[in-house]
Amino acid sequence: MSGVRERLTSRAFSLTAVVIAVLWTTPTLGLLLSSFRPEQEIKTTGWWTMLGSPHLTLDNYGEVVSGGGNGSGRLAEYFVNSVVITVPSVLFPLVLAFFAAYALAWIDFRGRDALVVGIFALQVVPLQMALAPLLKLFSQGWLFLPAWNPTGPARFGHVWFAHTVFALPFAVFLLHNFLAGLPRDLIEAARVDGASHRTLLLRIVLPLARPALVTFAIIQFVWVWNDLLVALTLSGGTADTAPMTVRLAELAGTRGDEWQRLTAGAFVSALVPILVFLSLQRHLARGLLAGSVKG
Amino acid sequence: MPFDVVAQQFKLAYLLQALAVFAAVVGLVLLALHRGPARRRGAAFLLIAPALLLLTVGLLLPGLHTLALSFTDGGGSWAGLDNYRWMFTDPEALIALRNTLIWVVLVPLLVTAVGLLYAAAVVRSRFRALALSLVLLPMAISFVGAGLVWRFVYAYRPAEAEQIGLLNQLVLAFGGEPRQWLVDSPWNVLFLIVAMVWAQAGFAAVLLAGAIRAVPDELVEAALLDGASPRQVFWRITIPSIRPTLLVVVLAEAIGTLKAFDIVRTMTAGRFETGVIAQEMYDQAFRYGETGRGAALAVLLFVLVTPVVACQVRARRRAA
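In the order they appear, the protein sequences are chains W and E. Just so we're aligned, residue 1 is where the first sequence starts under the UniProt record's numbering, counting upward by one. Just so we're aligned, residue 1 is where the second sequence starts under the UniProt record's numbering, counting upward by one.
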């Protein structure tokens, strides 16, 4: 009796899993298949009909990545922007937070605990709180700070600055938690041997901190690459500096029925994160847990 | 305009420049650190100062500035509590508040429920890794991408034309009429929420699967030997054991949901009474030039998020 019930339960469980998996993948599959269909067919027939008469084409990708027309995606340029935005936006907070976290965890000085609490507490400030004043600061300057309103590629600086600042409280929190947990004996032994802070930082703490650094890098990469709000507010919105998310959102707004571009565009912009997810799968669960504080 | 190679070279050159400057600064800090072990305090200052400076200029002062702005009319004149009064009386703002409330109740609930069910179902399967990757994929696609995926599912064509949206095709197949899912209020709010749940469930599933796997086997086996049914094991052993992680997931979803912006912006841009606080804040501050109102909404967001983040930091410590 109990055996039957057990089998029923586990069968119901498997069925649930299959239903969820199908529900979760079908919408993406529909978009993916559609991205390979000719424009005329995407707009007039459902993607499920292509199973009967498949006409596949790469035209949509060609058009959305490097097409000539005004309404084409020109995503190639925005892709470069996404890369240029993301690399420093991951690297800068990573290094700065690592330095700060090391000092806060392993150097005794007065006011240290208050500083730790203060920086941690900044995690509650949503980036929405800072956006409008930041925009003003950049365009007009503020108090003793001069305006910083460059043209051309230097505008990337605004976005780097914002992403770096917004990431710091969480990054310091994450790395401090990790570094404070390192064995005290190890650090003390190195100090007794007369090691400088640089030696400690680079030779002893850095190799041990690798997992935490990788975790932060993954979270921050996904966050920055997929960010829309900061990019929309600070990146200027043109092919000069705006990332792919901005372009996609723009296409969705102005050309919401041009599915041949939107479908292909969605996958072009997801390509790099998917590769990262697949190649770093081992670190992912820990990264997600650590990142659950970041909003 | 075709792909402009020269412009891209400028961008990359600027990127390399910035990286070089940053490397130089880091190098200087490290060089200064090398001056013997004794100067501890100086070292601490050197290491913390850059982060502290950035936080002050980029987050602390702007945050306070926003707080001050929320009591002005955006042009700089004092407006007292006008913006907050507006927030709780203006019909559009009230709809954004109502929708945010619906979002923040439903999204964490549904995401956690689906994630838990899925995690429990696949955790002992041979295909666990693959199964989890499938539901995690939407996270890689981004919220903007998720918005597009679901707009395509909801796509509408008049009844006489052939449907291209999956949902309307299914409705037709069951004898119904095609509908404009994203236009008809108030149900359109739920259709946006579906997109959010879809994008987030994988996050919950991965975390909960990890927690379920950490439940000691002996505990489960002992219960089964004592004659407990799998259902009893699930409710009496698995759920209590993973409660800290469940809490982390619910709170993380609540924080993310309060700040939800991309999905609404991509799918409806807040039209058809689908606005939420974060998107309304963006519109007021950056589209309508109502800096004061935008600031007040940002402050509201801060007030709502603060207790959740505080709980989260404590819950995480217990889950980790």
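Rather than coming from a laboratory, the hints here were simulated on the basis of the structure. Be aware that a few hints might be false.
[As the list claims (entries may be wrong)] To give a feel for the contact side, a few chain W residues facing chain E, derived at Cβ under 10 angstroms:
1) VAL18
2) ASP108
3) VAL272
[Unchecked claim] Partial chain W-side listing against chain E, Cβ under 10 angstroms, derived:
4) LYS136
5) SER139
6) ASN149
7) LEU182
8) LEU186
9) ARG198
10) THR245
11) ALA270
[Stated by the list, open to error] The calculated lysine to aspartate or glutamate pairs, modelled on DMTMM-like cross-linking and capped at a C-alpha distance of 25 angstroms, are:
12) W/LYS136 <-> E/GLU273
13) W/LYS136 <-> W/ASP257
14) E/LYS259 <-> E/GLU273
15) E/LYS259 <-> E/ASP4
16) E/LYS259 <-> E/ASP73
17) W/LYS43 <-> E/ASP90
18) E/LYS259 <-> E/GLU290
19) E/LYS259 <-> E/GLU92
20) W/LYS43 <-> W/GLU250
21) E/LYS259 <-> E/ASP226
22) E/LYS259 <-> W/ASP59
23) E/LYS259 <-> E/ASP82
24) W/LYS136 <-> E/ASP82
25) E/LYS11 <-> W/ASP240
26) W/LYS136 <-> E/GLU160
27) W/LYS43 <-> E/GLU92
28) W/LYS136 <-> E/ASP184
29) W/LYS43 <-> E/GLU162
30) E/LYS11 <-> W/GLU250
31) E/LYS259 <-> E/ASP184
32) W/LYS136 <-> W/GLU39
33) W/LYS136 <-> W/ASP113
34) W/LYS43 <-> W/ASP240
35) W/LYS43 <-> E/GLU290
Since the structure is predicted, the reported quantities are computational estimates derived from the model, not experimental observations. Glycine included, each C-beta is placed from N, C-alpha and C at the ideal position.
Here is how each hint holds up against the structure:
At its closest, the beta carbon of W/VAL18 sits 9 angstroms from a beta carbon of chain E; the interface hint therefore holds under the 10 angstroms criterion. For the restraint placing W/ASP108 at the interface with chain E, the shortest Cβ-Cβ distance is roughly 7 angstroms, inside the 10 angstroms limit, so the hint holds. Given hint, W/VAL272 at the interface with chain E, holds; its Cβ is 9 angstroms from that chain's nearest Cβ, closer than 10 angstroms. The restraint placing W/LYS136 at the interface with chain E holds, with a minimum CB-CB distance near 8 angstroms, inside the 10 angstroms limit.
Interface restraint check for W/SER139: the shortest CB-CB distance to chain E comes to about 13 angstroms, outside 10 angstroms, so the restraint is violated. The criterion of a C-beta within 10 angstroms of any C-beta in chain E is not met by W/ASN149, whose closest approach is roughly 16 angstroms, and the hint is violated. The beta carbon of W/LEU182 comes no nearer than 16 angstroms to any beta carbon in chain E, farther than 10 angstroms, and the hint placing it at the interface is violated. Hint status for W/LEU186 relative to chain E: violated, with the closest Cβ pair at about 15 angstroms, above 10 angstroms.
At its closest, the beta carbon of W/ARG198 sits 4 angstroms from a beta carbon of chain E; the interface hint therefore holds under the 10 angstroms criterion. Nearest Cβ of chain E to the Cβ of W/THR245: about 5 angstroms, under the 10 angstroms cut. The hint holds. Look at W/ALA270: its Cβ gets to within about 4 angstroms of chain E, closer than 10 angstroms, so that hint holds up. Restraint check for W/LYS136 and E/GLU273: not satisfied, since their Cα atoms lie roughly 30 angstroms apart, outside the 25 angstroms limit.
Between W/LYS136 and W/ASP257, the direct Cα distance comes to roughly 36 angstroms. Violation of the 25 angstroms bound is thereby established for this hinted pair. Using a Cα cut-off of 25 angstroms, the hinted pair E/LYS259 and E/GLU273 holds, with the two alpha carbons roughly 18 angstroms apart. Distance check on the hinted pair: E/LYS259 and E/ASP4 sit about 36 angstroms apart at the alpha-carbon level, beyond 25 angstroms; violated. Our distance criterion of 25 angstroms between C-alpha atoms is met by E/LYS259 and E/ASP73, whose separation comes to about 24 angstroms.
Between W/LYS43 and E/ASP90 the CA atoms are separated by roughly 39 angstroms; this puts the pair beyond 25 angstroms, and the hint is violated. For the hint linking E/LYS259 to E/GLU290, the alpha-carbon distance of about 19 angstroms falls within 25 angstroms, and the restraint holds. For the hint linking E/LYS259 to E/GLU92, the alpha-carbon distance of about 18 angstroms falls within 25 angstroms, and the restraint holds. For the hint pairing W/LYS43 with W/GLU250, the CA-to-CA distance comes to about 19 angstroms; that is within 25 angstroms, so the pair holds.
Restraint check for E/LYS259 and E/ASP226: the C-alpha separation of about 47 angstroms exceeds 25 angstroms, so the hint is violated. A threshold of 25 angstroms between alpha carbons decides the hint, and for E/LYS259 with W/ASP59 the separation of about 37 angstroms lies outside it, so the pair is violated. Note on E/LYS259 and E/ASP82: the hinted pairing holds, with a Cα-Cα distance of about 23 angstroms set against a maximum of 25 angstroms. Proximity of W/LYS136 to E/ASP82 is assessed by CA-CA distance (about 22 angstroms); at most 25 angstroms being required, the pair is judged to hold.
Of the pairs offered as hints, the one joining E/LYS11 and W/ASP240 holds, with about 8 angstroms between alpha carbons and a cut-off of 25 angstroms not exceeded. Pair hint W/LYS136 plus E/GLU160 does not hold up; C-alpha atoms about 52 angstroms apart against a cutoff of 25 angstroms. The hinted pair formed by W/LYS43 and E/GLU92 fails the criterion: a straight-line CA distance of about 34 angstroms is larger than 25 angstroms. At roughly 38 angstroms between alpha-carbon atoms, W/LYS136 and E/ASP184 are farther apart than 25 angstroms, so this suggested pair is violated.
Simply put, W/LYS43 and E/GLU162 have alpha-carbon atoms about 9 angstroms apart, close enough for the 25 angstroms limit, and the pair holds. This hinted pair checks out: E/LYS11 and W/GLU250 have alpha carbons roughly 22 angstroms apart, not beyond 25 angstroms. For the given pair, E/LYS259 sits about 24 angstroms from E/ASP184 by alpha-carbon distance, which is consistent with the 25 angstroms threshold. For a cut-off of 25 angstroms, the pair hint linking W/LYS136 to W/GLU39 is broken: about 43 angstroms separates their Cα positions.
Distance hint between W/LYS136 and W/ASP113 is unfulfilled; the C-alpha atoms sit about 33 angstroms from each other, more than 25 angstroms. With a C-alpha separation of about 31 angstroms, the suggested pair W/LYS43 and W/ASP240 falls outside the 25 angstroms cut-off, and the hint is violated. Annotation: proposed proximity of W/LYS43 to E/GLU290 is violated, straight-line Cα distance about 39 angstroms (limit 25 angstroms).
In summary, the numbered hints that this structure violates are 5, 6, 7, 8, 12, 13, 15, 17, 21, 22, 26, 27, 28, 32, 33, 34 and 35.
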